[in-house]
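A.B. asks: In case you want the letters, here they are:
There are 2 protein chains.
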Amino acid sequence: MKQSMMLIPTLRETPSDADIKSHQLLLRAGFIRQNASGVYSYLPLAKKVLQKIETIVREEMERAGAVELLMPALQQAELWQESGRWYTYGSELMRLNDRHDRKFALGATHEEVITSLVRDEVKSYKRLPLSLYQIQNKFRDEKRPRFGLLRGREFIMKDAYSFHASQESLDEVYEKMFQAYSNIFSRCGLNFRAVIADSGAMGGKDTHEFMVLSDVGEDTIAYSDESNYAANIEMAPVVATYHKSEEDLVSLEKVETVGKKSIQEVSEYLNVDETKCLKSLLFKVDEKYVLVVVRGDHEVNDVKLKNYYDAGSVELASPEETKLVLGCSIGSIGPVATKSEEVEVIADQAVSSIINGVCGANEEDFHFTGVNPGRDFSVEQFLDLRFIQEGDPSPDGIGKIVFAKGIEVGHVFKLGTRYSEAMNATFLDENGRSQPMIMGCYGIGVSRTLAAVAEQFNDENGLIWPTNLSPYEAHVIPINAKKEDQRLLADRIYSLLQENNISVLYDDRDERPGVKFADSDLMGLPVRITVGKKASEDIVEIKIRKTGETLEVNFEKLVETISTFVVK
Amino acid sequence: MKQSMMLIPTLRETPSDADIKSHQLLLRAGFIRQNASGVYSYLPLAKKVLQKIETIVREEMERAGAVELLMPALQQAELWQESGRWYTYGSELMRLNDRHDRKFALGATHEEVITSLVRDEVKSYKRLPLSLYQIQNKFRDEKRPRFGLLRGREFIMKDAYSFHASQESLDEVYEKMFQAYSNIFSRCGLNFRAVIADSGAMGGKDTHEFMVLSDVGEDTIAYSDESNYAANIEMAPVVATYHKSEEDLVSLEKVETVGKKSIQEVSEYLNVDETKCLKSLLFKVDEKYVLVVVRGDHEVNDVKLKNYYDAGSVELASPEETKLVLGCSIGSIGPVATKSEEVEVIADQAVSSIINGVCGANEEDFHFTGVNPGRDFSVEQFLDLRFIQEGDPSPDGIGKIVFAKGIEVGHVFKLGTRYSEAMNATFLDENGRSQPMIMGCYGIGVSRTLAAVAEQFNDENGLIWPTNLSPYEAHVIPINAKKEDQRLLADRIYSLLQENNISVLYDDRDERPGVKFADSDLMGLPVRITVGKKASEDIVEIKIRKTGETLEVNFEKLVETISTFVVK
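Heads up: the sequence lines are chains A and B, in that order. 1167 is the number of the first residue of the first sequence in the working numbering; add one for each residue after it. 1167 is the number of the first residue of the second sequence in the working numbering; add one for each residue after it.
So here's chain A without its partners, still in its complex pose (with noise of 0.2 Å):
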């Protein structure tokens, strides 16, 4: 392609509203504009490497069984009515009337579309299970669209739903699209994580996020520095043992620590280890007020509170609270002077190992010291109630701990009977039995991924595109195309290329060579063929944009040249 005919639009400063790497170079290379906050177009680079995403993912989706269709936007409100979602999705749907008056939702998901398409089409388990997908625009009135591609309020999404008849075969299609989402974000040349993410049950392999590793990412992953390990960092159990020490068991005494509230602050004045130190923290979990001990350089995690009384709600109790059940301000709860009548205590595994700990005496000013489980209070249950930490060991057993942070580009979830026994979507068993059909969702952000990959492939100078993404493979600059030998030399490799197979864009444009070099550096095509003084020999200069490598090359030798650094 001519770059003459394209619409590039560079720009040379860093756009002021722009805060992440790749929503400014997406804007300086010209591969996006802003609409309206969080609506984009896309120029034509851009929509390149969206039609390359989109290509890996219909191969991967067809490999896994997923057919294609495509469902509109306009989605009448009577069907989120029927899922209950019209009333608790809130002002992220957007919703509007047509002339005659009718409410619609602009499809911020499929899932009541799906639903009732198949609900109303396949009535028996002889055709199931079923695993449809679409690519399509999805709308979303996020309260602060930010990061540019990354949340936005109108984006593409490659949304997949299947139907099973039994749950063996939900668990067959989820893991088929497991590895789906896997080689796709692979083929994207991402670094990324299978995060498990499911909220409902700990440790569950019923939801999955993929996660994108990136300094900008919104959420907290826990992986293993050594297998393929990763959680949200909510979800991961810990699976570390703990070192009791030997030490001599010592008497439980009561200290005054006038001033002294955090751990940090205790643990530095009376010269204790941290790792002494008892955390107790009260919570109200639903109605009932339970008193949770942790080391005290650990975390409490309420997910794993929430998960273990499957609680509705679970929060930290308020300064009124406390005083009101333990009689003291937060910073000087312990369990020792708790009644355990009143309120149950419960403590993560690793209080078990505490000898001769310090804790809170329910009493302003004054702290326990020889503090020991046990001995000196009891505990309800010993449970698995903190974040996992860095470095601890993985879960899996292979491995330690690292945290990144994430930016979710795809999700497969178990949806279970959610949808079709709100929408009655049901089938007729072997035995002639109606039951609701079971579902999975699958999807992918396919602008997002575009914008991730952006994140995790530019240097200070510009983007810079993995070859089986980039909106073009190779970049031809003439110097100076007013000198007829660079000009025709560049026609030449333009031709050579193209009939090569090679993609190529043409910088034809009559610009001096350093707004060319700054464009195409802001650009990131893998290789840029440089023809300049030696054209008339038909020699050029070949510079690979990741390594920024360069080498002379002679026209005869530039295919087989090129294609060892665009092997697709």
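In case anyone wonders, no lab produced these hints; they're calculated from the structure. Careful, some of the hints might be misleading.
Intra- or inter-copy, both count: the list cannot distinguish identical chains.
SDA-like mimics (lysine to any residue), calculated; alpha carbons at most 25 Å apart, straight line [what the hints assert, rightly or not]:
1) K1420 with D1337
2) K1648 with D1463
3) K1571 with T1727
4) K1289 with N1201
5) K1709 with H1409
6) K1218 with E1228
7) K1289 with S1182
8) K1682 with E1228
9) K1566 with E1440
10) K1505 with V1416
11) K1649 with I1708
12) K1648 with G1598
13) K1420 with S1495
14) K1168 with I1301
15) K1289 with R1675
Use these hints to put chain B onto chain A, whose structure you have.
C.D. replies: Chain B alone, transformed into the frame defined by chain A:
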């Protein structure tokens, strides 16, 4: 693809709410389902056809030098206010508010968005011309959505826009787009005409509609039976030459014609050919009254009248106005008794050849006979004022005019500076002067094209897809998959065809043969391969959907034989 994995919900009965063939068959063959009035889901088979159409569109757009981008459906009201269309588009434009109560339109078309984009990024003639296109869902709240995909409220469109520094450049790109459109619809196998459709200037070349010939079309096309000439009926100029008979002039006489009003009644009563009658109509052209005279067998074309006067409005005078101006009822009007000082008289050129004609006497129950233009009444101007008729010579001088109904599937239009002036999209020309960009726009109804193909290619048993667009090229059907030899051979054929790049749908369902065959006919894939009794001999039956032709083929010869029917 195995049919058991697809969602192809065929119907035996014709849905009662579908009036036309394409709508009925796309529903019955399991290609589409309605979600709301004018809103459809494209099921897997339809999605495949759409993708084939889109591929053809993309290839031809690229060949015409257009570059693909993707703009959002959510469009800020401010843009539509700038162009003025926020106020003029009416309730066809779907509108909504976001959570901050900002107003948005759902893209019915993208002139505003693209003009603002190009305005912001292109400043110099050096960056022009520029042709950009997208394929995207559009939203129009049609008053009466109907005919399935032919007139929907959410539909898929390819829209292209070009920007130019000169009229010549627009003309050049318009030509390329015209050619691209001809290629696209030809490759879709459609019987279509590129129809002159400018309503601004008579016979102008500034806009063409691409019309698929079909009885369910909403427009009438006049086209040549020998050349490419075609025009919307109101746009076709009449270039007929009229024979003036040699007979002697007779004298003007007023005759009684009690109760005879219409041309037919008068002509029969007076025993005069309709071609000798003068049909006279009083029009109100803006604020002025004009008597228009055409031959009795002709019809006044008010577009021509409007263009001649360059009028804002043209309408027939009411009975009251006619009484007031001419002193008689509408059925008695004629030019002889009309005082030309008060009412301008113009006539179609055919009238100048009438000798001894008949016309109303501006008096109830009386007509004149022996009327001769010039002698008995004067005419301000003889013009082309009538609708073209079947049998008239084609305006390009080649062949005769035939009428047909047409479905508009494409439209190319020279917009000029309509949007660039309203939205201040200017560039600096070679002399550094600011000029409004000159624009063209070019649309194709992608989902409508699918329906038009379905409308043009079907028979009593179902759809008949042209090979270029068919969801799959071959349909493999084992008559009884429980018989091992049939199943094994069908499996082998399925693999064989895939290996040879012949796309294939494999009916692996446990259904009776009659059901499979009926479904297969409904779907309309080009070649059906039936694996039956002779499976053990490696012999199958091939049936060509289009012709009904059947032949027995040995497995060895299968690819070769099929290839002759599915030439790509």
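A.B. asks: Run through the hints listed earlier and report the numbers of any the structure violates, in increasing order.
C.D. replies: Per hint list: 1, 2, 3 and 5 violated.
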